[in-house]
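K.L.:
Sequence:
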Amino acid sequence: MVTLTDVEANITGDSAGLKVEDIATKSPIVAYPDQSLHEVMLKLGAKDVGRIPVVDREDRSKLLGVLRRHDIIRAYRRKLEESTRRERGY
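When the sequence shown is numbered by the numbering used here, its final residue is 98 and no position is left out of the sequence of numbers.
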């Protein structure tokens, strides 16, 4: 996994020969499809990252998607707003 921070930290005046594998995080934190969003948020917070790859539990090399902290928070916020509207009768 390579982040913008990884790229910025490794770009120099002589980066023409730099390979992705040279700057990639070798063992990134991952999420699995059967994990709760709460568990994923704890992982994101613990590592202070904004996104996490979702991989197959049996085959970690199989990328299923990428989940962003922003998307989880937005989904929770929308549900909270819907619940509040229902309670108030809107």
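Rather than coming from a laboratory, the hints here were simulated on the basis of the structure. It cannot be assumed that every hint is accurate.
[Unchecked claim] With a Cα cut of at most 16 Å, we get these calculated EDC-like pairs of lysine to aspartate or glutamate:
#	residue 1	residue 2
1	Lys27	Asp42
2	Lys55	Glu66
3	Lys55	Glu95
4	Lys51	Glu16
5	Lys34	Asp14
6	Lys70	Asp42
[What the hints assert, rightly or not] FRET-style restraints, in silico, Cβ to Cβ:
#	residue 1	residue 2	range
7	Lys70	Arg93	33 to 41 Å
8	Leu72	Asn18	23 to 31 Å
9	Arg68	Glu90	18 to 26 Å
Using N, Cα and C, we set each Cβ at its ideal position, and we do this for glycine too.
K.L.:
Confirm or reject each hint.
P.N.:
Do the hints match the structure? See the list:
Note on Lys27 and Asp42: the hinted pairing is violated, with a Cα-Cα distance of about 33 Å set against a maximum of 16 Å. Taking the CA atoms of Lys55 and Glu66, the gap is near 23 Å; set against the 16 Å cutoff, the hint is violated. Note on Lys55 and Glu95: the hinted pairing is violated, with a Cα-Cα distance of about 36 Å set against a maximum of 16 Å. Between the alpha carbons of Lys51 and Glu16 the distance comes to roughly 24 Å, so the proposed pair goes past 16 Å and is violated.
With a C-alpha separation of about 12 Å, the suggested pair Lys34 and Asp14 falls inside the 16 Å cut-off, and the hint holds. Distance hint between Lys70 and Asp42 is fulfilled; the C-alpha atoms sit about 15 Å from each other, no more than 16 Å. For Lys70 and Arg93, the hinted distance range of 33 to 41 Å is satisfied, since their beta carbons lie about 39 Å from each other. Leu72 and Asn18 have their C-beta atoms about 28 Å apart, which keeps the hinted 23 to 31 Å range intact.
At roughly 35 Å, the beta carbons of Arg68 and Glu90 sit outside the given window of 18 to 26 Å.
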